[in-house]
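Just so you know, the sequences run in chain order A and B.
Just so we're aligned, residue 16 is where the first sequence starts under the numbering used here, counting upward by one.
Just so we're aligned, residue 4 is where the second sequence starts under the numbering used here, counting upward by one.
Calculated from the structure, these hints are not laboratory results.
Predicted, not measured: the structure shown is a model, and the values here were computed from it.
Incorrect hints may have been included.
[Stated by the list, open to error] Over 12 Å on every C-beta distance to chain B, these chain A residues come out as not near it, computed from the model: (1) R17; (2) M19; (3) S49; (4) H100; (5) G101; (6) E112; (7) A114; (8) R167; (9) L174; (10) E176; (11) M177; (12) D181; (13) D215; (14) E246.
[What the hints assert, rightly or not] Covered, in the sense of this in silico footprint (three residues per stretch, anywhere, with C-beta under 8 Å from a C-beta of chain A), are these stretches of chain B: (15) 59-72; (16) 122-133; (17) 392-398.
Just so it is clear, CB atoms sit at the ideal spot from N, CA and C, and this is done for glycine as well.
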Amino acid sequence: MRAMLMRTCLSDVMAPSVWRATRTVLERAGVEVSVPRRQTCCGQPGWSSGHPDQARRVARTALAAFAGDDPVVVPSGSCAAMVRHGYPELFAGQPEEEAALAMAGRTREFTQFLAEHGLDTGARGSGSATYHDSCHMLRLLGERESGRAALRAVEGVELREMEATDVCCGFGGTFSVNFPEVSGRLGEEKARHAAATGADELIACDLSCLMHIAGRARRTGVPLRVRHIAEVLAG
Amino acid sequence: MSGRRPVVYSDTTAPLRERTREALADDALAANLRAAGASWGAARTRISAENPFAEMRARAREIRRGDIGDLPELLARLEERVTAAGGVVTRAADADAACRYITDLAAARGATLVAKSKSMATEEIKLNEAIEESGLRVVETDLGEWILQLAGQHPSHIVAPAVHLNKEQVRQVLMAESGWELPTDREALVAHARTRLREVFASADIGISGVNFGVAETGTICVVENEGNARLVTALPRIHVAVMGMERVVRDWDEAAHILQILPMAAIGDDAAGYVNLITGPRAPGEADGPEELHLVILDGGRSALLGTDLEEALDCIRCGACLYSCPMWRSVGGQAYGSPYSGPIGSVLTPLLEGMEGERSSELPFMSSLCGSCHDACPVGIPLHDLLVRVRARVTTTAHRRDRARFRLWSRAWSNPAAYRLSVAMARIGLRLAGRRGWARRLPGPGAEWTSQRDLPTRWPPTPPR
């Protein structure tokens, strides 16, 4: 099986280890992974900030970079949701509409891709983890299970559920800098719920939430380790 | 449409971010909101488990989409049936026209006292101010609204206007108004309010209510409530004026019955409202009670401009307030910080749409959301509020938004070019390495400053664990 990996701009800038871990896991599971060199960003920052024309310009590079029939795998529920949920609207009535719908149809968040194809990651670990439902994964993709299933499959890791796991962490893209105080309050609540489980680390399918929660936890003195799920699966 | 009257309150002058900061600093508010959100959440979970909520919601969505699709026709039918039942129907293009109709009517009938039951449309048009300016006295009779009127505050929730206050805060307001020492228990405070408000019901010349929905089939006005005050307001005074947003119409009693069921489920997590008032015309010859005159004011106020657009679904709203309770942002700052009668997700969509996209304060609202989508989950008529928020953002025309667009134009130019993208990523990674101390940045310059105002930034990944 073949797949194209969408690295995501956030992983490129903040944490290349995340997309590399994603590639490692997929390859171990027998997937032939390509990482299109001409990819940039899915366009979500512009789209959700109310600048559709600017977002479309960036999203066109994604349509070009991920042309073809192979599935597109993204280590982010939010970027996957942008393609699956946002592109049909962003490109409605545009010359690229058909290409956008096709890409939306073959794009999957990383753990969804694993679950859909029954891929065994053979991952091992130790200790305990708690799982954060990122909003776009949970509500735009309607996915509550695949992340948890991937974690449960890691031999030796115990999954502990936190309180209010379906409540937003307050990141919200540019919301985090437009209303930092509200965002910070929610991030702190999320960090405290995660820490209260006593789990060794907080795991999520979205780097953006983790970056925000970890940063807020450190600022407010909440002891919390975070990792992206791909890093856990890569061991 | 710069001539449109603001929907935000006139005292909403400080930027939204400043207002959210003030709200966050209020510990009592945080506790009150937490309690309210938790109790709604528990009731809503229970009621959703006891009923086929998903199917009911799908049906409610179908009903509302159909009603809004046929709105002109349904309104014409409603108008015809209300008139046939002896009522007087007025179409008000905007807030000024609606207020003027009502104050003119009050003057013509020589009224001096107006009793009101809860109504979002009258909050939207600032009717109380207009009535007071015309020299009349107006008293809110919904307990929460009355408390806020006495306290000089605006409502913080569509259904539970004083939900941001606790019992002790309410007691202080009531004591300040009456000059009496009041006991601390809830029953006694309610009894006090009942005594005071009875005087108003008995002597008011005009009763003004909102309308949850009008049933086109029979020309019936439905007013749903939990205290019984709306029944008195619509029945005791000589004149009843009902103010209705033009979208609040359903086709027939089949639809009405369904909406009547799902509304209290969504709003208060109960399968029935305390009181459902069904009003068809004024008192008819031979009837024992009811007002002599019934006036229905149907308010446009910017709504008709949404018909046929990709924002039309905002008109599906049945004003249950569920999206407010479900919203992490609303639960953090409360409704008053929004500075509009309509707060929370639906308020952030509606306020700028009704007021005009150039409104500086109203157009900040759609940005105060993380787009988490819990509002859509909570909405009993399935409005995709997170999508509407994005669409409204795109239409904002304020200077601030135009400036933001200029920044995003640069972004799109750079990031639509793979080579420029790679260069900017490389530069950002160098910047990150320079900014970090032991894997963390505590203070960033420029655009990063707002990030580090609240959080550290991990400059290595996975982040170095805290000591």
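Are 3 or more residues of the stretch 59-72 of chain B near chain A, judged by a Cβ distance of less than 8 Å?
violated (count 0)
If we take the beta carbon of E176 of chain A, is the closest beta carbon in chain B still more than 12 Å away?
16 Å, holds
Are there three or more residues in the stretch 392-398 of chain B whose C-beta lies closer than 8 Å to some C-beta of chain A?
With 5 residues closer than 8 Å to chain A, the stretch 392-398 of chain B meets the three-residue bar; holds.
Grab the minimum beta-carbon distance between L174 of chain A and chain B and tell me whether it stays above 12 Å.
19 Å, holds
Quick one: work out the minimum CB distance from M177 of chain A to chain B and report holds if it exceeds 12 Å, violated otherwise.
Consistent with the label, M177 of chain A stays out of reach of chain B, its closest Cβ about 15 Å off (over 12 Å).
Beyond 12 Å from chain B, beta-carbon-wise, is A114 of chain A?
16 Å, holds
S49 of chain A clear of chain B by more than 12 Å, beta carbon to beta carbon?
15 Å, holds
Check the non-interface label on D181 of chain A: least C-beta distance to chain B beyond 12 Å or not.
For D181 of chain A, whose nearest Cβ neighbour in chain B is about 8 Å away, the distance does not exceed 12 Å, so it is violated.
Check the non-interface label on H100 of chain A: least C-beta distance to chain B beyond 12 Å or not.
Contrary to the label, H100 of chain A does not stay out of reach of chain B, its closest Cβ about 8 Å off (not over 12 Å).
How does the coverage statement for the stretch 122-133 of chain B fare against chain A, requiring three or more residues with Cβ below 8 Å from a Cβ of that chain?
Not satisfied, violated; 0 residues make the cut.
A cut-off of 12 Å on Cβ-Cβ distance, and D215 of chain A was said to be off the interface with chain B. Does that hold?
10 Å, violated
Closest CB-CB distance from R17 of chain A to chain B, is it above 12 Å?
21 Å, holds
Checked against the numbered hints listed earlier, the structure breaks hints 4, 5, 12, 13, 14, 15, 16; every other hint is satisfied.
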